[in-house]
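**Q** Chain by chain, the residues run as shown.
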Amino acid sequence: MNLEKASKPTRRGYSDRMLEYGSIDKDFTVFDADIGYSTYACLFGEAFPERYFNMGIAEMNMVSAAAGMANSGRTVVVSSYGVFLTMRAVEPVRSFICYPNLNVKLLSSHGGLTAAIDGVTHQATEDIAIMTTFPNMKVLCPSDPKAAEKLFDVSMQTPGPFFTRLMRDPLFDVYGDDEEFVLGGSKTLRKGSDITIAAYGDIVFQALEAAESLAAQGIDAEVLDLYSLKPYDKEAVLASVKKTGAMLVAENHQAKNGMGYEIAHLLLKHCPVPFDNAGLEDTFAESGDYPSIIHKYGLSAEKLAGRAAAVVQMKKEN
Amino acid sequence: MEQQRTIQKRVRYLEEKAKEVRVEIVKMIHEAQSGHPGGSLSAADIMTALYFDILRIDPNKPEWPDRDRFVLSKGHACPVWYACLALKGFFPIETLKTLRKFESKLQGHPIAGKAEGIDASVGSLGIGFSQAVGMAIEAKMTRSKYMVYTVLGDGETNEGIVWEAAASAHKYHLDNLVAVLDRNNLQNDGIAEQIMPMEPLDEKFKAFNWHVIQINGHNMADVVDALMKARDYSGKPVIIIANTVKGKGVSYMENVRGWHGKPPNDEQLAIALEDLKGSLK
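The listed protein sequences derive, respectively, from chains A and B.
Residue numbers for the first sequence follow my numbering, beginning at 151 and rising by one.
Residue numbers for the second sequence follow my numbering, beginning at 393 and rising by one.
Isolated chain B, as found in the complex (with noise of 0.2 Å):
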């Protein structure tokens, strides 16, 4: 009983955080006035989990190496990692507004090395991917304790690089790699299944030899337990098949394939705001 009002109280204090985040989101690609807020409103609530109550990490060493490593696969969803790392403590909020700015240490797509809290560059989809599997090979070679998360969006598993890293992730028992796949069933140019059919996502994984974890990736409460027991799973790499609205939380944008990689403008940005408040209870 007091371990479930526990994670409750968790829960209730991510959501919370989730809301800010997409704050951060859609401001921030409103002041540059380009970006990708589609994709990093769907994957909000999962970043949300893993940068507030999964990653073992301190904002005040970013170096720290026993840390958990965190690549964000589908590096246009940037807008997304950039708001969890500010709202964590790597560096301030105001560095919000210099996305993708000259001189900015916000790169259109994220960079190792120009920003704190960037494990690896991102940005060419599955490449992340595959330097996720690098990274937890390391952490096996070395008997590193820290674990690998990797967040993919679902058209990146267009790319075949994502099966080579799949089929590589297997031989190497990469059990301290988690992915987490943001389902929100559309890509650039329109619904995902009609672009390239993936499905089923879940018996291809199978077959490559992972734990499959289906949720609602919008549902803390699951998406939390679901890292949990990923990170738990011993044997085998695990993939969280999150189940997202792309847009999630503003209402013009859910579900719209035209949202993908356009920043809203003034009256937009307000409309955003209120929705997010709205939200906010």
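Isolated chain A (complex conformation) (with noise of 0.2 Å):
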């Protein structure tokens, strides 16, 4: 697979597409906590100024009036980064979102160690932990900027609220134009026999690569994209694992309470293989390169080829 390097990141996928959607729906908000020229979001706000909200810095209170509007029905968009949504509006989040099953799609942008240049406080490495935690959440994690469009609509199409999870930087465009995306959806990208390699988000493309070296070992790595967290496509990763007997479930995210610690649960239960988690591993990250950071902390290709071979070597040993 050849990929391309991406023209944008994917918070600009999403901001992109919502300004298009703005014209097929005229009735959808976005409010914004001062971030709307780091989301892009401020693109609908230039154009759709009486539908979009700046209520300055203070995401509680932001995510909160959301609420309220949203108590009408109305389909609210609310921007900001994914430390400050799950974290400092955490509760009205639970509480006068998901509770009351609300639509509001939640545009979270600076996932993961995508934002390793700005250090730990604008790195989002729990939010899926605790996104998925909440019932009627569901939770989106686009791999390209050509899903982060085909989701955003995904997200708007549905009712009730929605976190999508986006990075910062631009990375590769994995998808072409004709690729269809569905809610619990997932895609398998590369076909393998010897492993199933699950990843989201940035860390796709680092799967690719993985595969691409493993195969060098004479390993055929199968890949997943779980771009839907939540749901998650189940059925797809049961396949892969009954038919490969192996899993690495790789995620920029702490390893602990990720999606890893999810597919466990879920093989345990129907179909227990060796299986191993790439994620961080209690402990945070720190400014830097992205090339760097995610190296030292385990998610480069390098090392989750590594990982990987030490998964297929334990399945031999079984």
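FYI, nobody ran anything at the bench for these hints, they're computed from the structure.
As the structure is a computational prediction, the values presented were derived from the model and not from experiment.
Check before you lean on any hint, since a few could be wrong.
Unchecked claim - Computed Cβ-Cβ distance ranges for the label pairs, DEER-style:
1) A:G334 x B:P451: 36 to 44 Å
2) A:E200 x B:P484: 40 to 48 Å
3) B:P457 x A:D303: 27 to 35 Å
4) A:D303 x B:D594: 47 to 55 Å
5) A:N407 x B:S426: 29 to 37 Å
6) A:T283 x B:Q425: 28 to 36 Å
For glycine and all other residues, C-beta sits at the position ideal for the given N, C-alpha and C.
Starting from the two chains in their separate frames, assemble the complex, guided by the hints.
**A** Below, the structure written as structure tokens:
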């Protein structure tokens, strides 16, 4: 698979589509907390100023006011960074958006270590754990700008609250124009028979690169893009693991309580196999350039390939 | 003269209604053996004036799109909200006996969609105020005529979100938003000004570009007058700082810290009902 360097980050893909969608759906509104020029929600704001509310640097009030507006049934997109949406504003998200099941769509930029250069205060590395835990919340994570555009539509066309994890920096284009994305779906990007590597977001690219280097060692890895994290594609995961007999979940997130824990739980119940989970190992990261940071914290293609090879070895020894 | 007599009649009616509300409050908290009587009783006159005089609502059409919206931001005081809704006819009085019980529509803190007339879920202090701001922005955006009313506690103003919401209400010129601050000067752990000094509250809200009205929150004529003035005020959001007594109407609860979140026992209920009967002239 030859991946092209992406022209834009997923936050831009999501917001570009939101701008287009503003003419298709004339009822939804957008709330921001003074980072519209960073999430690109400003594009919508410039085109539809009467439907754009910049609530200042006050995320809890922004989310709560958005809930107040969404009480009328209106769909409201709320834009901020993952760390702020999932922690500073977590209580109104849980009790006043998820519990009443309102049509609030959280545009969450700077997911995982893609905000590497900004340092730990801006790296949302627990966001998936927090958001997937809330009843009614649905969680998406596009791996490229095209997926971000398509998943924006999915979130707008499905009732209830959504959390969409987006990336700060442009990475790689994975998908063409005609790919379809559905809630609870996944993409098998590479077929293989020795191990399944399930990833999401930016780590999908690292997983694909890892699969290439594994192939050179004679290990045939299958790569899944879990773009829908809640609900996620249990059928595809189980079908793949039944075929490969080994699983590595790789995620730009704390290993604890992320998708690795979720999938380990599924496999323990239905299909126990040699398993490993690459993510932050009960540690915070640090500032730095993205490639150095993900390598140090075990998420580079090279590190994933080593980890996957070890799981395949476990399978052989069993 | 004629007009004055009409107002006097309205005030007398509301004073009698407030007594009924207070009786329902203590009865339902006794029945549940759980709940918050102090802050429910302090807000009883304000809530009665809203529900039986000010709010444009129809208990037969709780989802009427043009209805005035109401959010009890001090959500723990929901017995007073539930009492008003029941007495107004949103649901049967009998329902009040189910407060906080298994499978009741009257949740420990009110949830939108569970009981008729609850426009927003509340219970975490400060967040209801922000939701009211969002509702008022919605009304402005859609050029709707309805008003949004909210009642806050004074301890609630400790929450930073209250001031975030206050700033945003000014930004969006929400003169369709009326807040009432139930200034009973007691919060869970003690005297509000000792727990966290917030005075001068009037100057604070003025500095946030709100119009401020100060009243005795147990003088029904003043309460009604202030609410009418607040509704008609244009250009700024309005807050009515209503000086009240926590536990108002029940002798042993008035201004006593311990009655924030404690139910009366059988004996205490009898005294409370006697106190309230005494006040029922």
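**Q** Give a verdict on every hint.
**A** Hint check results:
Taken as a hint, the range 36 to 44 Å holds for the pair G334 of chain A and P451 of chain B, whose Cβ atoms sit roughly 41 Å apart. E200 of chain A and P484 of chain B have their C-beta atoms about 43 Å apart, which keeps the hinted 40 to 48 Å range intact. For the hinted restraint 27 to 35 Å between P457 of chain B and D303 of chain A, the CB-CB distance of approximately 28 Å keeps it satisfied. Checked against the hint of 47 to 55 Å, the pair D303 of chain A and D594 of chain B passes, with Cβ atoms roughly 49 Å apart.
Roughly 33 Å separates the CB atoms of N407 of chain A and S426 of chain B, a value that falls within the hinted 29 to 37 Å. At about 32 Å, the CB distance of T283 of chain A to Q425 of chain B agrees with the hint of 28 to 36 Å.
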